[in-house]
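As a plain string of letters, each chain reads:
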Amino acid sequence: MAEEGWEPKIVAFCCNWCSYGGADTAGMGRFQQPASTRVIRVMCSGRIDPLHVYNAFLEGADAVLVTGCHIGDCHYVNGNEKTEVKYNFLEEMLQQLGLEPDRLHLNWISASEGERFANFINEVTAKVKELGPSPLKPEGVK
Amino acid sequence: MSKLVGAVAIAGGGIAGIQSAIDLASSGLKVYLIESSTTIGGKMAQLDKTFPTLDCSMCTLSPKLAEVARHPNIELMTYSEITGITGEPGDFTVTVKNKATYVDYDKCTACELCVSKCPVKVPDEYNEGQNNRKAIYLAFPQAVPRVFTIDADHCLYLNKGKCGNCQKACENDAINFEDTDKEVDINVGSVILNTGFEPYDASNLEQYRIDHPNVVSSLEFERQLSSSGPFEGHVTLADGSHPRRIAWIQCVGSRSPEIGRNTCSSVCCMYATKEAMVAMEHDLDLETTIFNIDIRAFGKGFEEFYQKAKNEKGIRFINSRPSGVEVDPVTDNISLKYEAEDGSGIKREEFDMIVLSIGLTPSDSSKNLAKIAGVEMDDNDFVKTKIDHPLETSKPGIFVCGAMQAPKDIPDTVADASGAASKAASLLSSERGNLVTEKKYPPEKDMGDEIRTGVVVCRCGINIGNIVDVPDVVEYAKTLPHVVLAKEEVYACSTDSLEGIADLVREHNLNHMVVASCTPRTHEPLFRETLMEAGLNPYLFELANIREHCSWVHQNNKEEATKKAKDIIRMSVSRANLLQPLYQEKLEFNKDALVIGGGIAGMNAALDIAEKGFKVTLLEKESELGGMLLKFTHLQDGRTTKEVLEPIIQKVESNPNITVHIETELTEQEGSMGNFKGHIKGANVDEDIEFGVAIIATGANELEPEGYFSYGEYSNIITESQLEQKLDEGVDAKNVVFIQCAGGRNDERPYCSRACCTVAMKNAIRLKESDPDRNVTILYRDIRTFGVWEELYTKARELGVVFMRYTEDKEPEVSEKTVRIFDHLMNMDFEINYDLMVLSAPMVTPETNELLAPMFKVTLDANRFFLEAHIKLRPVECATDGVFLAGTSQAPKLVDESVSQASAAASRACTILSRDFLETIGNVSVVDPELCIGCGRCTLVCPYNAPELKEVTVETEEIVYITKKSEINPAVCKGCGCCAAECPTGAITARHFTTPQIMAVIKAYGEGI
Ligand code: FES
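So the protein lines, in turn, are chains A and B. Be aware that the first sequence starts at 51, since it is given in the working numbering, and climbs by one per residue. Be aware that the second sequence starts at 638, since it is given in the working numbering, and climbs by one per residue.
Think of the hints as simulated: they come from the structure by calculation, not from any bench. Note that the structure is a prediction, hence the values are computed from the model and not measured. Note that CB positions come from ideal geometry on N, CA and C, so glycine has one too. Do not take every clue at face value.
Simulated pairs of lysine to any residue, SDA-like, Cα-Cα distance not exceeding 20 angstroms [what the hints assert, rightly or not]: (1) B/K754 <-> B/G1102; (2) A/K179 <-> B/N1194; (3) A/K179 <-> B/G1645.
So the derived list for chain A, only partly shown, Cβ under 8 angstroms to chain B, looks like this [claimed, not checked]: (4) R80; (5) Q83; (6) G96; (7) K136; (8) Y137; (9) F139; (10) E141; (11) M143; (12) L147; (13) L149; (14) G164.
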């Protein structure tokens, strides 16, 4: 358990067309969220390299979210299917490093699903808050 | 024609108008898009998901909205109506009445400050009146134009002279209560009528009790399903609880001659199925029932969707039409009485909610517009057209498309819209480029060696400013690396501020720019343009989204929001500092077209392209032009196919821009859009050919239904096309039986062939009319005479044609002179004698599709028809750029649909051919040959086949060897960056999202925590 008042730090990789739009729609709908998350935009979730995710952890993220369009809705036909393949590999690798599964998530969110985006941030933040700081933090677990 | 004006007026800003506008504007014509409501988008903007793929409607629509908003050749006239059209083809004067909005479009930034101050609540049309909006409003968040409108009917100030709150709240002085209606005349060469439909008003039919709070129209239900709807996507009853059992009643206001509604609305069966499916996804225990006369799942993928709904999702389809909704006077519960399908009599069932599947009717404004335009209407108040000229009204130069011509779904409407654009563009082809002005920008200045970044932080009125401590953030931004200047603005996107930003760039010699405000998805194009005006490359701009992603979602935590805004800006600056100027490459290209297939679709496509002045090669593998239509003798409007085919064949053969090769096929093919190279081989040719675009119009054939219903065993069992040949000579059979779906809608061919019911109806009518004593019986599963062809079904019944339904599990058994059919309602077998049996067999694809598809790197669907790029919004394009589909090569179709689609394919093709050069996108990916090891991973992941492994000779000091290296074709790359994430050696750079740029953002992220 983390110390009192500790807030998790989360990075969300979003594709330009859907999940980034979902985050926008959350804003337009004023769906309130904890201020835990910083979004990094790429054109397609398929651009997200496992290395980016790994580096986000090394830079101090307590959780990383990989998000994109629903399968079938990718703006570039099927980039998200490739995301899935890379993600599965990444998940296994990070688990072998001892990372708890709740710190890494893959989620498909469409541009109209603002509430879904907000709920997702709420849920992950709550879960990670219980877990405490990530073991991959550069300074190690405090 | 004395004068030709290179401009087109489009009436109606729904998906049809949008598509016509984009096509015409991209072909070098000026477009006035005239829409009566405050935003473009039409009915599609109200839909939650679209069938049969359950794509999010708004997600697919909003990029098109944005494209219209940005297009320099499109002048949007919203809140406007056409009040007069005079003149002649090529030179019309259109009078447009512009309603007062009381908001200055140039000043309103859609900041929403006025909304909370407005005290008036008005039922929200966008949500079908199920919640309220204010008297000053934006129709929906993605509305285009993004400016507010004051509803003059409800505004307190305009009606009672008091309030004026919005004016006080507006910090940009955009409210103008003095605004008045205006009338303007525009001069255009052609007019396209696109004003769509109106949902049928169910309150006309009292028996359906739409007055009951739990009886809703399908459009109201659609809004309930939407996450942006009145209940955030939760279907809700009047008491606030959620329903357990929902029923849909089909054909409310359709297929009802008794109330003067003769047509089928074409879309309701599918949207009801979709609504049921989506509702069940939201709530797994929900029970759904759809009461129908027939399920009309006739479009591409529809039958499969229907079968899935029925067999996998457990949606109950009951083949019965309840006479009305009954309301219990004591409990207020609602129930339906209907005739049970198994013949067990009348049943009553209670439901929590009843959805009325309301039809598509011509709107009063459409009827009025048709009158103003002086075009003829048919008996059902749709604009009159001919089967072989489905887009031309009775007035030359005025075209029609979409649901104003007949009830139709989105893809057919979009195809029509492109088709109508093609017709207008053909008329005005000599005027291309004459009325459009290209915006000129100053030359790009020298970037220098030093990175000089500017940061503007936007308050967005109080949207950001009240939550985020903007002055504190500005001070922080000044401390970031390479930032030479940071300042705040009240509205960064207002016209003054944009000029101010350009001045900053010039005065401080900035070479990178960050604006911290709202989302790049709406505002990036605007700021990029500002940079270009200041002589900077547009790719040197970066938006930091501190509104949608920050101030709006952390309204109760100013401190955290301010901290987050700083983080976001720091991350954005780190990225901006590394941004590189990018250029769209201009490539010369081949402007000839190849059309494969000389049927009605291929010929129309070829003509439409040739009429715009481009050269076309038309290939036909048979020995004469005409395609599948040669096998049929009549159209369903009574004309012979000869009457239709002869003039068009003559036109094609005499057009100097068209070269026809019969008995010829394409044997080889490579290259990409603008640069295709192939080889054609045939009776008289054997040569290489080069072209810029290709249209696949290879058509389909009627299946020989071998093995179905004893076909082939007895000589008196024939197909529809064989019947037509016979009918011309005279048929002496006294008893004729038709069997529908012979070889279709089964495991082997799960699709519905769309046209067969209409064809059977046409032939049954001919049989009856030539001999009224003849017995004609049609055995069917569902009659699918959609749209206006419903009238043929009605007519056949009036003439005494007998209809009997069979189901797939109890198919009719055919012997030499009799057919045995099980009647579900009577629960018994019937035996019918016949002299002649006609099988309605589905259209099947030619085997040559299997060869063509890989040549063009395009895909075939599960039924071996060609797959379009997007089932709703790109119905005539392939995923491969420069390759288009026309006619039945894409899916079974009727003749008018093939013709309209052919024009659509031509239109889309000509938006490419009319360019001066091909332009790549700026952020294409590139391969560094030094690092590439030729593994080919990129070629496997790219959905567009942009990377290609090429043989290269590498010379080093020690050795010379031949190896393979990847090369990305910039004309094909779409910039998704998937290949870069896949490349094992880092040889690929995904421009604008390079690894160093992304890593810098991640690093900057880490610096703040
Ligand atoms: S564009 Fe969203 S996942 Fe590909």
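Each hint tested on the structure:
Distance restraint check for B/K754 and B/G1102: the Cα-Cα separation of roughly 18 angstroms lies within the 20 angstroms cut-off, and the hinted pair is therefore satisfied. Only pairs whose Cα atoms come within 20 angstroms are accepted, and A/K179 paired with B/N1194 is accepted, the gap being roughly 18 angstroms. Simply put, A/K179 and B/G1645 have alpha-carbon atoms about 19 angstroms apart, close enough for the 20 angstroms limit, and the pair holds. Hint on A/R80 holds. Least Cβ distance to chain B is approximately 6 angstroms, under the 8 angstroms limit.
This hint holds: A/Q83 has a C-beta 5 angstroms from the nearest C-beta of chain B, less than the 8 angstroms allowed. Taken as an interface hint, A/G96 checks out: its beta carbon lies about 4 angstroms from the nearest beta carbon of chain B, inside 8 angstroms. For A/K136, the interface hint holds, the least distance from its beta-carbon to any beta-carbon of chain B being 7 angstroms, beneath 8 angstroms. With a cut of 8 angstroms, the hint placing A/Y137 at the interface with chain B is violated, because the nearest CB-to-CB distance is about 11 angstroms.
Hint status for A/F139 relative to chain B: violated, with the closest Cβ pair at about 12 angstroms, above 8 angstroms. Look at A/E141: its Cβ only gets to about 16 angstroms from chain B, farther than 8 angstroms, so that hint breaks. This hint is violated: A/M143 has a C-beta 15 angstroms from the nearest C-beta of chain B, more than the 8 angstroms allowed. For the restraint placing A/L147 at the interface with chain B, the shortest Cβ-Cβ distance is roughly 18 angstroms, beyond the 8 angstroms limit, so the hint is violated.
Against a cut-off of 8 angstroms between C-beta atoms, the interface hint on A/L149 is violated, since the closest Cβ of chain B lies about 17 angstroms away. Contact between A/G164 and chain B, as hinted, is supported at the beta carbon level, the nearest pair being about 7 angstroms apart and thus within 8 angstroms.
Checked against the numbered hints listed earlier, the structure breaks hints 8, 9, 10, 11, 12, 13; every other hint is satisfied.
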